[in-house]
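Visitor: Go ahead and model the full structure; you've got the sequences and the hints to work with.
Protein chains in written order, with our numbering: chain X, 1 to 628; chain S, 629 to 734; chain U, 735 to 902.
Incorrect hints may appear among the rest.
[To be verified] Short derived list, chain S residues pointing at chain X, Cβ under 7 Å: (1) I653; (2) V695; (3) I722.
Note that these hints are calculated values from the structure, not bench results. Computed from a predicted structure; not experimentally measured. Beta carbons: idealized from backbone N, C-alpha and C, even for Gly.
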Amino acid sequence: MSSYFLAWIVLIPLISAAFLGILYLYSITVKKISDKVFATIAITAPILSFMLGVGFFLGLKNGASEYIYEPYIWLGVNDYIINMGFLGDKLSIFMVLFITFIGSLIHIYAAGYMKGDDGYGKFFSYFNLFVASMLLLVLANSPIIMFIGWESVGLCSYLLIGFYFTDPLNVVAGNKAFIANRVGDLGFLIGLVYLFFYVGKLGFDYSALEQYIDIVPNHILVIIGSALFVGAMGKSAQIPLYVWLPDAMAGPTPVSALIHAATMVTAGVYMVARFHFLYDLIPNVGLFIAYIGAFSALFAAVIAMKQSDIKKILAYSTISQLGYMFIAVGLGAYSTGLFHVFTHAFFKALLFMGAGAIIIALHHEQNIFKMGGLRKRLPLIYIVMLVANLAISGIPPFAGFFSKDEILLKAYKHHEYLIYGIGLFTAALTAYYMFRLFFVTFEGKNYTEKKLEPLSWSMKAPLVVLAFGAAFSGFVGLPKVFSNTNLIDTWLGNWSGVSIHAEHYEEIIFMGVSVIAGLIGIAVAYVKFFKYDFSQELKEGGIVYNKFYIDELIDFLIVRRVRSLSTFISVVIDDGVIDKTVMSLSNGFINLGRRVGRMQSANTRMYAFFMLIGLSSFSLYLIFKLGQ
Amino acid sequence: MMEVSFMSYILLAIILFSMGIMGVISRKNIFIIYMSLELMLNSINLILVTLSKHFGNMDGQIIAMMVIAIAAAEAAVFLSLIVSLYRLKHSINIDDYNTLKQKGTL
Amino acid sequence: MSDTIFLILALLALFGAGTMITVSNTVHSALGFIVTILALSGLYALLSASFLFMVQIIVYAGAVIALLLFVIMFLNIQSSHTPKEPNKYLFMLISAIVMLPIDYLLFRAFYTMTDIENFSITSKDFGTVKMLGLELFRNWLLPFEAISLLLLVSLVGAVVMARKKERS
Chain X
1 MSSYFLAWIV
11 LIPLISAAFL
21 GILYLYSITV
31 KKISDKVFAT
41 IAITAPILSF
51 MLGVGFFLGL
61 KNGASEYIYE
71 PYIWLGVNDY
81 IINMGFLGDK
91 LSIFMVLFIT
101 FIGSLIHIYA
111 AGYMKGDDGY
121 GKFFSYFNLF
131 VASMLLLVLA
141 NSPIIMFIGW
151 ESVGLCSYLL
161 IGFYFTDPLN
171 VVAGNKAFIA
181 NRVGDLGFLI
191 GLVYLFFYVG
201 KLGFDYSALE
211 QYIDIVPNHI
221 LVIIGSALFV
231 GAMGKSAQIP
241 LYVWLPDAMA
251 GPTPVSALIH
261 AATMVTAGVY
271 MVARFHFLYD
281 LIPNVGLFIA
291 YIGAFSALFA
301 AVIAMKQSDI
311 KKILAYSTIS
321 QLGYMFIAVG
331 LGAYSTGLFH
341 VFTHAFFKAL
351 LFMGAGAIII
361 ALHHEQNIFK
371 MGGLRKRLPL
381 IYIVMLVANL
391 AISGIPPFAG
401 FFSKDEILLK
411 AYKHHEYLIY
421 GIGLFTAALT
431 AYYMFRLFFV
441 TFEGKNYTEK
451 KLEPLSWSMK
461 APLVVLAFGA
471 AFSGFVGLPK
481 VFSNTNLIDT
491 WLGNWSGVSI
501 HAEHYEEIIF
511 MGVSVIAGLI
521 GIAVAYVKFF
531 KYDFSQELKE
541 GGIVYNKFYI
551 DELIDFLIVR
561 RVRSLSTFIS
571 VVIDDGVIDK
581 TVMSLSNGFI
591 NLGRRVGRMQ
601 SANTRMYAFF
611 MLIGLSSFSL
621 YLIFKLGQ
Chain S
629 MMEVSFMSYI
639 LLAIILFSMG
649 IMGVISRKNI
659 FIIYMSLELM
669 LNSINLILVT
679 LSKHFGNMDG
689 QIIAMMVIAI
699 AAAEAAVFLS
709 LIVSLYRLKH
719 SINIDDYNTL
729 KQKGTL
Chain U
735 MSDTIFLILA
745 LLALFGAGTM
755 ITVSNTVHSA
765 LGFIVTILAL
775 SGLYALLSAS
785 FLFMVQIIVY
795 AGAVIALLLF
805 VIMFLNIQSS
815 HTPKEPNKYL
825 FMLISAIVML
835 PIDYLLFRAF
845 YTMTDIENFS
855 ITSKDFGTVK
865 MLGLELFRNW
875 LLPFEAISLL
885 LLVSLVGAVV
895 MARKKERS
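Guide: Right, dumping it as structure tokens:
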């Protein structure tokens, strides 16, 4: 497999996005093009990338170490050379595989979900652009190229969240996502700049950085690591930059499924894994990352317990699960974190897509307390959602159990008992709120008698595929007690210097504890919600329901201050000082011109007089000249 | 009595020329401006003839004659212009011929 | 003798010019102008330019000023039509002062020519018609033709500009 094709993994969706964009413009101005055309082109692109990814996967499996393709020098200034390069090593191809696979499935799903919406073609253009950006992010050979993809996914996220732009609230949500991302990007950029400053002269691709990272003094490494993690905080919605993710649910559900469940939000985790050589040297920062992850997980889970919008519950659960991933990579267990990324992608995408199916079926109803009795009416959705919920709650043999359990085990073995405790408690909470959602949605007695909207096969088929994934993807990371080959670990390589050794019996104890925690959560949810009596409406209030008023706090502390500063600068400085200075200068010129223009008074005698004066002064001058 | 010489004629011509310019600048009546203009031309003629006599060359007188011819042509055109302007503005005040004025000036 | 004549003629010229530029009434200043012209023609005669002396009177005094007076009366200019000029003496003074450098320069320029013998001795028919004619048609033929063309053009132009616009 020639490494030349690495570029095509990115280029195919990119070209498709451009083509779809042009086609859409054509469709709205000249002649309408059927939705099917857009859908077909859009779905083909990630499938092709997936096939290329499989090709590379096979190549790597058969012995190649990595593929590098550097077509040209992007920026070359004296010693500092930045190449446009693609790196296809085990980590990248791993990411490429599940991004394109789940991406293709969600494209198929979206073809059915978005039917009838305005801007159908535009949606797919953006969607493909997103896939291209995400692929660029993971395939980049240099942090700067990764940053291009990093920013582009932020852009696509903005475009897609605000897709239903006619409602201003959606646009605000898009803005919020972009701005919060941007704050993160600033941190990322600071980290990059520091990195470049210290090591950039020796080459700025990952292999060179890995080789020469020891040059950098430790305190600078701390700065770099923290700054890069700020970027990850923004992209992956950890405390404190998580506030955009719940609002991002304003976008269409396929967007939530792809971007905010499976791919973009995992970019932060990928970044930490990619920079493992850096984070290995600064374990304190790693510990900080792990704590942030743990607290985000707990915090988000608590909020999720009281939400009533189905998508918002899933959004908070995403934040929570991302917290788990960061616990893992923060403590140096990179492959474990990525394993959870992998399994989470499957069941979270499935959850979102199922929720989307329910929403469409109930004619755009999103409040779970207005749903109910869907078990008999949407049997397929019921089954897949059950699988997904079991997966996320960590019940074996479904996927989430293996990945989550391994994270908790690693945490305990690193002697981080607090993190372990938080993780375990959050697992129970996760099970609770997810099954709260499940029971209320499907089993509640408050069901609407309305006729359900039928769901197209394009929406149902991906759900089935993903359900299989959610069910069985855990088996790629079996713990040692079951088999000696942990596929993920061997594939990705356990980079951390510290290796965890756990006895078999220990593993079994931990697994049992996790399962019990999950079952406790489910049981509580069952008791509370299985026979939910809707006669008492759920109180919609309280601190937890209002997300601990964090948004309001941010608005008060930061947004208002920035806005008043902007107003100050705009009015006082811009209008008052700068405008006045410039305008007074130009007005001065205008007045001067006007005054000079008065000489053109059409008074002939004045003209003659001026001519005379001219002649006279000239003669005076000549006289003096003659006199010398 | 001072001897009348070349310079006396020149001096007279110069004085007449200055008076012509004074007339052009200080008067508003267009006919008087025209006559001052002609006065200037005449003073130049005087200089030309003086020089011609001074150098014994006929060229000066010939040029002077041509100047007179041109002045006659100019008179015709100038006066027809005044007639047109009078028809337009009903005034012979040169300050009233101000259609080319810059807007916003006095 | 000739000096006295020169003096008289010069004073007449100056007087006429002075009248022309200071008097308000248009016709009066035109008459002053005629005095100046006649004085000047006398000066030409003094300078042995006999033909020019005659031409000056015929063309200038006879044609140009006559045309001028004709136009003044054609337009029926009365004292009420003449513009009011409150500051004319002030302007004259100012312009006189402004002219001084130019005058001085001219004077100096001509002064340098006085090192040659004043008024060279000339032949008897200096300034006569014959002499003038010979010079005109020998050396100055082209300007002569050009001036005739100029006169034609100005004739046509004057007629065109002064006629009444009758068409709508």
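Visitor: Now look at each hint and say whether the structure bears it out.
Guide: We went through each hint and held it up to the structure:
1. The interface hint given for S:I653 holds, since its Cβ lies 5 Å from the closest Cβ of chain X, which is under the 7 Å cut-off.
2. The criterion of a C-beta within 7 Å of any C-beta in chain X is not met by S:V695, whose closest approach is roughly 20 Å, and the hint is violated.
3. Interface restraint check: S:I722 against chain X, minimum CB-CB distance 5 Å, threshold 7 Å, status holds.
Hint violations for this structure: number 2 only, all remaining hints satisfied.
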